[in-house]
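Residue numbers (the working numbering), protein chains in the order written: chain A, 1 to 419; chain B, 1001 to 1419.
Treat the hints with caution; some may be incorrect.
In silico lysine-lysine, DSS-like type, Cα no more than 27 Å apart, as pairs [what the hints assert, rightly or not]:
| hint | chain 1 | residue 1 | chain 2 | residue 2 |
| --- | --- | --- | --- | --- |
| 1 | A | Lys345 | B | Lys1345 |
| 2 | B | Lys1051 | A | Lys51 |
| 3 | A | Lys320 | B | Lys1208 |
| 4 | B | Lys1208 | A | Lys51 |
| 5 | A | Lys130 | B | Lys1365 |
| 6 | B | Lys1345 | A | Lys320 |
| 7 | A | Lys241 | A | Lys270 |
In case anyone wonders, no lab produced these hints; they're calculated from the structure.
Number of protein chains: 2
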Amino acid sequence: MNAEIITIGDELLLGQVIDTNAAWLGQELNKNGLRVHFKSTISDTHEAILKALYEAQQRSDVVVLTGGLGPTKDDVTKIALAQFFNTRLILNQKVLDWVTSIFSKRNLPMLESNQQQAMVPENCEVLWNKNGTAPGMWFFENDTAYISMPGVPFEMKSIFEEEAIPKLKSVFTFPEIIHRTLQTCSIGESYLADLISPVEENLPSYIKLAYLPDVGSVRLRFSAYGSRNHKPEAALNQIIKQVYELAGQYIFGEESDTLQKVVGKMLKEKNYTIATAESCTGGFVSHLLTSVAGSSVYFKGGIVAYANEIKINELYVDPKILESAGAVSEACVIAMAENLCKKMKTDYGIATSGIAGPDGGSIDKPVGTVWIALATPDKTITRKYNMGDNRERTIQRTALVALDMLRKNLSGLVQANTF
Amino acid sequence: MNAEIITIGDELLLGQVIDTNAAWLGQELNKNGLRVHFKSTISDTHEAILKALYEAQQRSDVVVLTGGLGPTKDDVTKIALAQFFNTRLILNQKVLDWVTSIFSKRNLPMLESNQQQAMVPENCEVLWNKNGTAPGMWFFENDTAYISMPGVPFEMKSIFEEEAIPKLKSVFTFPEIIHRTLQTCSIGESYLADLISPVEENLPSYIKLAYLPDVGSVRLRFSAYGSRNHKPEAALNQIIKQVYELAGQYIFGEESDTLQKVVGKMLKEKNYTIATAESCTGGFVSHLLTSVAGSSVYFKGGIVAYANEIKINELYVDPKILESAGAVSEACVIAMAENLCKKMKTDYGIATSGIAGPDGGSIDKPVGTVWIALATPDKTITRKYNMGDNRERTIQRTALVALDMLRKNLSGLVQANTF
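One chain only, chain A, in its complex shape (with noise of 0.2 Å):
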């Protein structure tokens, strides 16, 4: 069973546009037991499409396209399509219920081209797309599967995980493969390479593990390839219990978890409440937080002091420690979360203070000096990090750290310098 993936625009060719579908849709494939064997990007052109899928349909069993479908792009993919399987291009009257609904709602006039989306070619069969107008379409001839979706990364996720690989299970059979993903963070690839070492070292050969790296995370995917001879699902528990035994501490989920959603349960399930005052991260722990459905239940605000009279006015900072520690000081960090605690009457506290750059660094605090503190209901921890000198990084990994420092407290895990 193979797979290519055809990713069409000139923004991708001109790197404009970084191709990350090519890549999520790699993952989705491969998890289904479907290998990748090629990925192209090609011109939004009727020549470069048409070409693309003549020399597909010789060497692949299922051929996605993302890209080339919408009211500006000329619907150039639909086109080539309808040319490809010999075909015309159709009324679809769902669709342009659908379409017609979306801008009644929204209160907006419909224009010539947007119903020009609800025409498609008449072989196809329509693939949802209920996040837009640009519908996905489904094509299945000599045994070859053909998706088309629109190149809007949430619409075609969407669509490809509810509507095609269904669509392809019903008539595919699937290889047997499962996965299981645990996530991990503040550690590094390599240490934690180093600490399941005894684990990679024995795999069976049926049993592969990936390590995928992001930024302040890591995520170990262990895929379990099935037969008759062995028993995958057994064999890949045994394997994560003895992951969980070396690395446990570092281990906050598994799958699609979070750390901010991991943080969030255990909040709830405790009926703890929290807040957060930022200084360096700017906002991004609130967002985080904030970011999961129901965090009103235990989120109950933060307060973004980025100027010092901020500080010293919203969260009583004694200016005497600005003045001699410094507004990037344990200090300083302490007394914004326990200050924050008082204010809000939450259980817990998150502060950050830190130089993000590229200015504002000097010898003894170089750009990427950060100090984060947790106030619990019982003690306030602190932690000092170099998170390295480029401004998102630094500010996506203090906040990852800082919601990992939580996560510790609230699984009971003992952390050093404890005040």
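Add chain B to chain A, keeping to what the hints say.
Showing chain B alone in chain A's frame:
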């Protein structure tokens, strides 16, 4: 002049690594007037690489390969290139000396696999890799240039910029190509297309327009291909001028501008300060503002008032407003924005309150209902929106719309619904 990019590696096909190299190379080639007409990603096997080379030979003048080089990759690309050019691998003493010096400097033992790095196809010219042990390679045959580089991004980038581009310029005469990008927001793709249709309908054949939509924003990219008969730069300037006349109020910047950078620059120039009072956006507006280096000059701080008690205690919202009109109301966001400015002593204040969902909606105020207020030095402006039913996008769109209200006010653009 057609260029193509071949990226090599199973980690790219599996989507474990997002292919940022291809995007970067696309930008660099394009900047230099070389049109990238095709990009592909292939498996790191001898067969896949050979096949890709034979196909590339037939359609491209410049072939850029990355990946499949290095001690743990078995140098598969190098071996395939030697076979493709019908030549053998020979030792390059200069490379061997370089690799040896790297290991001795770090006091590390040199392995057999590291010595192999100094073996290169006999017909290649080495492109110096000052950041690593795997050399880049340059081949020129039948008027086609082949550039092979390691996949590690910072090694690849310096080889390409410092070694490959000068070689290309010595061999080919580069065509002239000019790109101009306009950044727009607060208008949908199809409305924007409608608005600027007089420009689009009259574009000369050598100028192309692309719409690049994202959540809450659309980029317009014009590309002009030069020749002896016309002056693309002058024509492009004329077209850009017309677009500004037709849709100027929606254009917040050019090239790689972001809304937060643009409003930050305006605030700085006018010596204004700003603060945020966020409910539904949960800190995302202040995160965007503080993601800009140097934002501490104009951004003082913010209050994330998620719970009603924080709105009352920190932002002095009258409890009667919350009882009668509710937290998601015009009266509430006006109070939040105005009291915030007084409290933090800023010229501008942004306040948001809405129902991000998935719960909390009602018939009067469905999920996605959002009120935004912008307090300015002389008045407070408000807006009501329905941002749809996806939590993440409601947060993002609300933040962008709020920043765009600020931009319009700072630019002196008229906005309706003022108070």
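Structure-based check of all given hints:
At most 27 Å may separate the alpha-carbon atoms for a hinted pair to count; A/Lys345 and B/Lys1345 meet this at roughly 25 Å. Our distance criterion of 27 Å between C-alpha atoms is met by B/Lys1051 and A/Lys51, whose separation comes to about 17 Å. Distance hint between A/Lys320 and B/Lys1208 is unfulfilled; the C-alpha atoms sit about 61 Å from each other, more than 27 Å. Simply put, B/Lys1208 and A/Lys51 have alpha-carbon atoms about 22 Å apart, close enough for the 27 Å limit, and the pair holds.
Only pairs whose Cα atoms come within 27 Å are accepted, and A/Lys130 paired with B/Lys1365 is accepted, the gap being roughly 21 Å. Of the pairs offered as hints, the one joining B/Lys1345 and A/Lys320 holds, with about 22 Å between alpha carbons and a cut-off of 27 Å not exceeded. For the given pair, A/Lys241 sits about 26 Å from A/Lys270 by alpha-carbon distance, which is consistent with the 27 Å threshold.
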